[in-house]
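*Asks:* Listed here are the chains, written in short residue letters.
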Amino acid sequence: MRKNNLFIYGLILVLGIAAPFLFPAYKLQISFMWILVVLALTWDVQGGQMGYNSFGNILFFGIGMYICAGVQIGLFFPLAEWTASGGEKTFIHTPSQYFQGLFVGLILSGVVPAIVAALIGYGILGLRGQYFAICTLGLGIAAGEIASGIELIGAGQGMTAPPWPKGIGGTELRSQFFYYLCFVLMVVTFIFLKWAYQTRFGLVLNAIRDNEDKAEAMGIHTMRYKIIGWVVSAFFLGIAGGLMGSMIGYIEPVEIAFAGATYGVFMVLMAILGGKGTLWGPVIGAMAFHILKEGFWTFFLGWQYVALGALIVIIVVFFPEGIMGSLREKYPERFGEVVDEADRKAQVELK
Amino acid sequence: MDKILEVDKVYKYFGGVKANENISLTVEEGSIVGLIGPNGSGKTTLFNSIVGTHPIDRGSINFDGKEVSALPVPVVAKLGLLRTFQQTRIYGKLNCVQNMLISSKPEKDNIFTVFAKIPEELTAKAGNLLNFVGLYQKRKLRAGDLSFGQQKLLELAMALMNEPKMLLLDEPTAGINPTLINGIIDRLIRVNKEFSITLLVIEHNMRVIMNLAQKIFCLAHGKLLAEGTPEQIKNDKRVIDAYLGAQ
Numbered sequence: 001m002r003k004n005n006l007f008i009y010g011l012i013l014v015l016g017i018a019a020p021f022l023f024p025a026y027k028l029q030i031s032f033m034w035i036l037v038v039l040a041l042t043w044d045v046q047g048g049q050m051g052y053n054s055f056g057n058i059l060f061f062g063i064g065m066y067i068c069a070g071v072q073i074g075l076f077f078p079l080a081e082w083t084a085s086g087g088e089k090t091f092i093h094t095p096s097q098y099f100q101g102l103f104v105g106l107i108l109s110g111v112v113p114a115i116v117a118a119l120i121g122y123g124i125l126g127l128r129g130q131y132f133a134i135c136t137l138g139l140g141i142a143a144g145e146i147a148s149g150i151e152l153i154g155a156g157q158g159m160t161a162p163p164w165p166k167g168i169g170g171t172e173l174r175s176q177f178f179y180y181l182c183f184v185l186m187v188v189t190f191i192f193l194k195w196a197y198q199t200r201f202g203l204v205l206n207a208i209r210d211n212e213d214k215a216e217a218m219g220i221h222t223m224r225y226k227i228i229g230w231v232v233s234a235f236f237l238g239i240a241g242g243l244m245g246s247m248i249g250y251i252e253p254v255e256i257a258f259a260g261a262t263y264g265v266f267m268v269l270m271a272i273l274g275g276k277g278t279l280w281g282p283v284i285g286a287m288a289f290h291i292l293k294e295g296f297w298t299f300f301l302g303w304q305y306v307a308l309g310a311l312i313v314i315i316v317v318f319f320p321e322g323i324m325g326s327l328r329e330k331y332p333e334r335f336g337e338v339v340d341e342a343d344r345k346a347q348v349e350l351k
Numbered sequence: 001m002d003k004i005l006e007v008d009k010v011y012k013y014f015g016g017v018k019a020n021e022n023i024s025l026t027v028e029e030g031s032i033v034g035l036i037g038p039n040g041s042g043k044t045t046l047f048n049s050i051v052g053t054h055p056i057d058r059g060s061i062n063f064d065g066k067e068v069s070a071l072p073v074p075v076v077a078k079l080g081l082l083r084t085f086q087q088t089r090i091y092g093k094l095n096c097v098q099n100m101l102i103s104s105k106p107e108k109d110n111i112f113t114v115f116a117k118i119p120e121e122l123t124a125k126a127g128n129l130l131n132f133v134g135l136y137q138k139r140k141l142r143a144g145d146l147s148f149g150q151q152k153l154l155e156l157a158m159a160l161m162n163e164p165k166m167l168l169l170d171e172p173t174a175g176i177n178p179t180l181i182n183g184i185i186d187r188l189i190r191v192n193k194e195f196s197i198t199l200l201v202i203e204h205n206m207r208v209i210m211n212l213a214q215k216i217f218c219l220a221h222g223k224l225l226a227e228g229t230p231e232q233i234k235n236d237k238r239v240i241d242a243y244l245g246a247q
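The listed protein sequences derive, respectively, from chains A and B.
Note that the numbering used here has the first sequence beginning at 1, numbered continuously upward.
Note that the numbering used here has the second sequence beginning at 1, numbered continuously upward.
Here chain A stands alone, though its shape is the one from the complex (with noise of 0.2 Å):
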């Protein structure tokens, strides 16, 4: 069983590395579905291990996004005079002060939304089901209005991200870049999630979801935990942002950055197709997702909406425990759920 798992986890990785090679045309797709993968368990955090359906998550890849972006230019030339004039033309990043400036704008777009977490966390955690639900909703939009009105980050009319330095390789060194940088981010969520799901921090949030009453009469601070819980999240959704926001290279506030009619409401969806509240939910979740919707996209364009429409109604009804619960449900005993008919004699102590 550890044989097989170590052998899984490392075709993964070996394809991982080795699918900007072996598919070149989909070098772009497979980094936007290594994002989607860090946006599906990052909001599992909450909706899934914690039972808080957060709606508002997007609001720290749109931080992250503009974190990124900001800082980038920022550490080198005035952020005003790049946002008014189309700064692009005008201030050109050397190849050192592009990576310069975006290791510190990727440390700072996780940085800061995992402080935005736990202030408004601190708040607002502390409504239950769909009182946070809903409070939530409003922090993204809320959110995208206010960037649409901040000039420094240029208002309704976005910004641009600094461009790929001339003088270093082409389009197809950037993208081979940015690849390998979704992949290690995914990676790394995913290796920090799976430890943390094993500690009393897991544990913690699987009983806050199950009974939060209980929880907190066996003296649990559950505040603290669900504060950290969104904070985790906060933190890798924001660094994700941040790469999108470079990947892309325009940030707009509504559309793509605090875009919750889209990525916020995709990472609930891939999260819940996936199965909730499992660790490899969201990551099969948000493949399967991704692949879809681009077939969506491709053989019924005009109709794509209507199709994933559909798909959401389907998931819904027929698997609302999603692919790894009904596995979970039709077949127990392979998650580890057996009556074990050995009987014990064991001593009865407390200490």
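If you are wondering where the hints come from, they were derived from the structure by calculation, not from laboratory data.
Glycine is no exception: its CB is placed at the ideal position from the N, C-alpha and C atoms.
Heads up, some of the hints might be wrong.
To be verified - Cβ-to-Cβ under 8 Å is the rule here; a few derived chain B residues that face chain A:
| # | residue |
| --- | --- |
| 1 | V97 |
| 2 | Q98 |
| 3 | P106 |
Unchecked claim - Derived lysine to aspartate or glutamate pairs resembling DMTMM-like cross-links, with alpha carbons at most 20 Å apart:
| # | chain 1 | residue 1 | chain 2 | residue 2 |
| --- | --- | --- | --- | --- |
| 4 | B | K105 | A | E321 |
| 5 | B | K140 | A | D213 |
| 6 | B | K93 | A | E337 |
| 7 | A | K194 | B | E120 |
| 8 | B | K140 | A | E337 |
| 9 | B | K78 | B | E163 |
| 10 | B | K140 | A | D340 |
| 11 | B | K78 | A | D213 |
| 12 | B | K93 | A | E329 |
| 13 | B | K215 | B | D236 |
| 14 | B | K93 | A | E321 |
| 15 | A | K330 | B | D145 |
| 16 | A | K166 | A | E88 |
| 17 | B | K125 | A | E88 |
| 18 | B | K140 | A | E88 |
| 19 | B | K93 | A | E88 |
| 20 | B | K93 | A | D213 |
| 21 | B | K78 | A | E329 |
| 22 | B | K93 | A | E333 |
| 23 | B | K93 | A | E212 |
Following the hints, position chain B against chain A.
*Replies:* Chain B in isolation, oriented as in the chain A frame:
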């Protein structure tokens, strides 16, 4: 014997509903005390007041030498005063062992121990306690798939995992088949003797409470009606009237 819990002149009103009025009771350390009364007499409200689910209007509650009436639930739980619920509350999607692990009291509990590893020896301890309540064989099943009676036993085991000083049990035998009830009485007595945990038990089943408790308090209409040994309570005319209606 020392008094572990002292409830002194506690009042709790919900608007015009007088759920608890001038309730005073004491529980001695290491004893088993019963709390009875007709439906709606304020027993569960008193439990909620003691563990801090809601604030009380007047009076004081002293646990183990400390005033707890203004403390929130997790803090009271950490002092070693735990309760179980009338409707079982377990973590349905986790298996029994996980239910147990999460119930143990961590040695250190602060922001840096959020990602602490679960100690290995806890699993063995969980196994022992599950064995004690007779659920060892089902330890890998989801707690939500257990029967109601088994969930009650699991909840008892979870409370023991936390190593409390005192347990408040809200109808431990309600909804459990008569054969299993004897097992529960037997286990509660062992919990009290072997683990030296003080018990305060709400119970409607008179046979159970008369066999279990050394002292019984009876509530009616939010007021303390009578107190005494099981013998005294059994023969108290006011108690019989409260339960069956006065003639």
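*Asks:* With reference to the structure, classify each hint as holding or not holding.
*Replies:* Cross-check of the supplied hints:
Given hint, V97 (chain B) at the interface with chain A, is violated; its Cβ is 10 Å from that chain's nearest Cβ, farther than 8 Å. With its C-beta approaching chain A no nearer than about 6 Å, Q98 (chain B) sits inside the 8 Å limit, and its interface hint holds. For P106 (chain B), the shortest C-beta to C-beta distance to chain A is roughly 7 Å, which falls under 8 Å, so the interface hint holds. The hinted pair formed by K105 (chain B) and E321 (chain A) fails the criterion: a straight-line CA distance of about 32 Å is larger than 20 Å.
At roughly 24 Å between alpha-carbon atoms, K140 (chain B) and D213 (chain A) are farther apart than 20 Å, so this suggested pair is violated. For the given pair, K93 (chain B) sits about 11 Å from E337 (chain A) by alpha-carbon distance, which is consistent with the 20 Å threshold. Restraint check for K194 (chain A) and E120 (chain B): satisfied, since their Cα atoms lie roughly 18 Å apart, inside the 20 Å limit. Restraint check for K140 (chain B) and E337 (chain A): satisfied, since their Cα atoms lie roughly 5 Å apart, inside the 20 Å limit.
Using a Cα cut-off of 20 Å, the hinted pair K78 (chain B) and E163 (chain B) holds, with the two alpha carbons roughly 10 Å apart. Distance hint between K140 (chain B) and D340 (chain A) is fulfilled; the C-alpha atoms sit about 8 Å from each other, no more than 20 Å. Of the supplied pair hints, the one linking K78 (chain B) and D213 (chain A) holds, its CA atoms being roughly 15 Å apart against a limit of 20 Å. A C-alpha spacing of about 12 Å is found between K93 (chain B) and E329 (chain A), which places the hinted pair at or below 20 Å, so the restraint holds.
Restraint check for K215 (chain B) and D236 (chain B): the C-alpha separation of about 14 Å stays at or below 20 Å, so the hint holds. Taking the CA atoms of K93 (chain B) and E321 (chain A), the gap is about 12 Å. The hint holds against a cut of 20 Å. Proximity of K330 (chain A) to D145 (chain B) is assessed by CA-CA distance (about 14 Å); at most 20 Å being required, the pair is judged to hold. Straight-line distance between C-alpha atoms of K166 (chain A) and E88 (chain A) comes to about 12 Å, which keeps the hinted pair within the 20 Å bound.
Taking the CA atoms of K125 (chain B) and E88 (chain A), the gap is near 64 Å; set against the 20 Å cutoff, the hint is violated. Restraint check: the Cα-Cα separation between K140 (chain B) and E88 (chain A) comes to about 60 Å, which exceeds 20 Å; the hinted pair is violated. A threshold of 20 Å between alpha carbons decides the hint, and for K93 (chain B) with E88 (chain A) the separation of about 53 Å lies outside it, so the pair is violated. Restraint check for K93 (chain B) and D213 (chain A): satisfied, since their Cα atoms lie roughly 15 Å apart, inside the 20 Å limit.
Proximity of K78 (chain B) to E329 (chain A) is assessed by CA-CA distance (about 36 Å); at most 20 Å being required, the pair is judged violated. A distance of roughly 15 Å separates the Cα atoms of K93 (chain B) and E333 (chain A); the hinted pair therefore holds under the 20 Å criterion. Straight-line distance between C-alpha atoms of K93 (chain B) and E212 (chain A) comes to about 13 Å, which keeps the hinted pair within the 20 Å bound.
When each numbered hint is compared with the structure, violations occur for hints 1, 4, 5, 17, 18, 19, 21.
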